[in-house]
Every structure is written in structure tokens, then in C-alpha cells.
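Colleague: Sequence:
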Amino acid sequence: MNEFTVHQPKTDCEFREYYLLRWKILRKPFNKKKGNEKDNLEKDSIHIYIKNNSNSIVAVGRLHLVENSSSIIAQIRFMAVDTPYQKSGLGTILLKELESRAKKISACLIILHARDKAVTFYEKNGYKIIEKSHLLFNQVQHWLMHKKI
Numbered sequence: 003m004n005e006f007t008v009h010q011p012k013t014d015c016e017f018r019e020y021y022l023l024r025w026k027i028l029r030k031p032f033n034k035k036k037g038n039e040k041d042n043l044e045k046d047s048i049h050i051y052i053k054n055n056s057n058s059i060v061a062v063g064r065l066h067l068v069e070n071s072s073s074i075i076a077q078i079r080f081m082a083v084d085t086p087y088q089k090s091g092l093g094t095i096l097l098k099e100l101e102s103r104a105k106k107i108s109a110c111l112i113i114l115h116a117r118d119k120a121v122t123f124y125e126k127n128g129y130k131i132i133e134k135s136h137l138l139f140n141q142v143q144h145w146l147m148h149k150k151i
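Residue numbers 3 to 151, in my numbering, belong to the letters of the sequence shown in order.
Since the hints were made in silico from the structure, they are not lab data.
These numbers come from a predicted model, not from an experiment.
Each residue gets a CB set at the ideal place from its N, CA and C atoms; glycine is no exception.
It cannot be assumed that every hint is accurate.
To be verified - Computed beta-carbon distance windows for the label pairs:
1) L137 <-> L43: 30 to 36 Å
2) S102 <-> Q141: 29 to 35 Å
3) S108 <-> F139: 32 to 38 Å
4) E69 <-> N4: 24 to 30 Å
5) K89 <-> N42: 20 to 26 Å
6) G37 <-> Q141: 18 to 24 Å
When you get a sec, could you build the whole thing from the sequences and use the hints?
Modeller: Right, here's the structure in full:
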């Protein structure tokens, strides 16, 4: 039976494995080069991963603050669960951990841009669609969603 633990990457090795999974699930299927899975907010973000009992990273996600003068808003990005572990509940565990971290930094709202195939997952976790968002790589429709916390 698999046991899973939640962590924040600290070492270079952990960050390498974290980014590798992010690239493998979110960018490799679109023939994007390694490095495309990162943006300019990495150093200012909270990174979370889930490890299995073989010590492999099997799920990753990120939280960062969004500039807003009237309230603290957090954004979740780059949620990815390794293919053999999808639909196993790890996405929900990861999402709840990121939401918990958002509460700790006094965020009152979380936003995210969900891929078409992930909208139902986020709706089951209390997120509401605000509007149609961007089209990633001219083929993956995203939806802006939010949840008050």
C-alpha cells in the first residue's frame, strides 16, 4: 500500500525532481523544452509536492500572491499529478495543502486558470468559474476560477 507525504522542496535535488514532474505532465505532451515549466515568480512562490513511499515526487503545485491593493489574493498554478497517480485523491490533498498555505498568509480569495479537463475537479473542490481564460499553446482552453477562503 502506498503512503504519501506532503513537503516543500528545499534542496537542489528536490527542486530538480519537482520541476521535472511539472514539465513531464504539463509541458512535454506539447513538445515544449525543459525550462518552459518555469516563470518569473518561482522564487516568490510556495512550492508543495507529494512523495510516495519509494521517495519519488508524484504530485506538485505552486501558490503565489497576486498584486491587489484592496485584499490578499493567492493564485494556484502548475498543479500536476504523475499519470499513474491521477484520480487517486492526490490532487485534492495537494489542493487542500495549497489552500491551507494561502490561509496562513491571510489570503481571502484563491484564483486559478484551470484547463478544460480539470474544471470538474476544481468545481468539486468549491471553485467557481468566473470566465473563459487563455488558450495555452493555441490548443488548451483555460477557465479563470476562484474560491473564497
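Colleague: Range first: 18 to 24 Å. Now tell me if the beta carbons of G37 and Q141 are that far apart.
Modeller: 20 Å, holds
Colleague: Using the beta carbons of S108 and F139, state whether their distance is inside 32 to 38 Å or not.
Modeller: 35 Å, holds
Colleague: At the C-beta level, are K89 and N42 separated by a distance inside 20 to 26 Å?
Modeller: Given about 32 Å between the Cβ atoms, the range is violated.
Colleague: CB of L137 to CB of L43, is that within 30 to 36 Å?
Modeller: 21 Å, violated
Colleague: Is it true that the C-beta distance of E69 to N4 lies inside 24 to 30 Å, as the hint says?
Modeller: Cβ of E69 to Cβ of N4: about 39 Å, so the range 24 to 30 Å is violated.
Colleague: Could one say that the CB atoms of S102 and Q141 fall in the range 29 to 35 Å?
Modeller: Cβ of S102 to Cβ of Q141: about 33 Å, so the range 29 to 35 Å holds.
Checked against the numbered hints given earlier, the structure breaks hints 1, 4 and 5 and satisfies all the rest.
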